[in-house]
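Here the protein sequences line up with chains A and B, keeping their order.
1 is the number of the first residue of the first sequence in the working numbering; add one for each residue after it.
1 is the number of the first residue of the second sequence in the working numbering; add one for each residue after it.
Hints in this document: simulated from the structure, not taken from any laboratory.
Don't take each hint at face value.
Some, not all, of what chain B presents toward chain A, calculated at C-beta under 8 Å [claimed, not checked]:
#1 E36
#2 R37
#3 N61
#4 K66
#5 W67
#6 S202
#7 I206
#8 V214
#9 L218
#10 E281
Since we're looking at a predicted model, the values are computed, not measured.
Backbone N, C-alpha and C fix where the C-beta goes; we use that ideal spot for every residue, glycine too.
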Amino acid sequence: MNYVNNWRPDLPRAARIIQIGVENERTRTFVLDLHLAARPGQFVMVWLPGVEERPLSLIAGDPVSFTVARVGPFTTALHQLRVGDRVWVRGPYGNGFDVRGQHLLCVGGGYGVAPMLFVARQAIAASRRVTAVIGARTAAELLFTDRFAALGCAVITTTDDGSAGARGLVTDGVRRVLEQGLPDEVYACGPRPMLEAILRLCQAEGLPCQLSWENKMRCAMGICGTCEQNGWLVCREGPVQRWVPIPP
Amino acid sequence: MLQNGVDLSVDLCGIRLRNPLILASGILGTSAALMERVGRGGAGAVTSKSCSPLPRAGHPNPTVIKWGPGFLNAVGLANPGVEAQVEILRETRRRLVDVGVAVIGSIFAETVEGFARVAETLSAAEPDLIEVNISCPNVAHELGAPFSSAPESAAAVTRAVKAATDIPIIVKLSPNVTDIAAIARAVEEAGADAIAAINTVSGMVIDIEAARPVLSNLEGGLSGPAIKPIAVRCVYQCYQAVSIPIVGIGGVSSGADAIEMIMAGARAVGVGSAVFWGGVEALGRIAQEMADFMSAHGYRCVSDMVGLAHRPSSWQPSSIEVGVATGRCI
């Protein structure tokens, strides 16, 4: 190991895909032969040479795993890769979630459920109680319900069309959980309107919450300002924002 | 701004900066809220990201990577266009007026006439100064060689912008030339109120596993501590060539770095990549470190140190310690 080699972790590193899990028709989970000391809620920048580089939320750091839906040119190129192919990774970046309290409520909307699985795994390993509320448009798009259950979480599902679980939004499921008793802290990742709704709910109940936001990114290191949101750097000071009630 | 009994304030083209540290363009200058944070974090001035006549999406990722003690970037001048930038600058001024932080609007265009048009439009926001970015190294495929590549083209842009606005202009030069002093002279003769040196140093990083350059633009601009000696040399050469003030930029991340740049001839100092290590408070911390050094060495004000490294070799720095500085503080 020399001085120059010590710089390498700052640059994209080539990693091999060792496993590809098919979650549904357009969603796959990729596992790499790369081991990072990552926290739940952190993300990596994944580069496909000749295609693009994108931030992807981790579902595990050891080994590095992420779940990706095929929605555009980058994710389509990623889905064409096979076990043994390589991707390039830099990171992990971002602050990540903090496991707090004895009973955690994890809320995942759409693909936002991916980092929630990482939080739940860490919380269960630390002997905490976890309730997961998972929402999607249809039954086919619901992700990881069995994996949350296998971890030992109480699982509640909602779908927009009622094809699985309760018909309605994920926030309706959250409301029902809160009616039955308050968790110590709420964790959420998903579309912006969902996060805003969860924040309003938590503020009304005086519940602390940790929300993971998403934005376009370039450097992922807090210098270019691309991901800025009201003066807050999503890539470095986020993506997780913790809200706590002001004591009376 | 008085700290440790020393005066850090400087005059830049008639604008009083509370300290010489300026947030460099391209770093965190994307919104009023972010620039406000850097201003409240201790900057003397903030520079917005360079804007063009029309919005630009910039290059696809990878656009920024960290390489050892620096960054290589080819963002490709992504910006919302000058019309939107006017609103951002107005809001930035409104948020920073009580803090006493100057606001610099940075512009670029594809043509000389375009530069004049952007300068005129941007002037409606009444920034304290306008930075004329003629030296971005990362858009050559679209725009050709930067205007900073030759004295004639650099002077042509300077003249056009001067004719289009009454706001003092800082022309930002490139280190990727054979003779930066010649460009500095041409820009001064064309009416520039100040020059900034340097923009990023053209470079490339190749991933040997992928066997291709990492940045989508292939080449990019290197910034950060990796380029500081290049920047100091360029500022030193410009100081010998021109009498207008120089904003020294390139790899400054400590008070010692800023003092070095000032002794090379800079009146103010741009700070960019250092926010990676120091966050939005980096510029305030650097200012404090400058004040500590000045106080310990008997410098009363920044102008005591501007260009000190140009003194004849017979001169001994010990004379400073007994208070024999350059005389008046400006």
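Unsatisfied constraints (hint numbers, rising): Structure breaks hints 6, 7, 9, 10.
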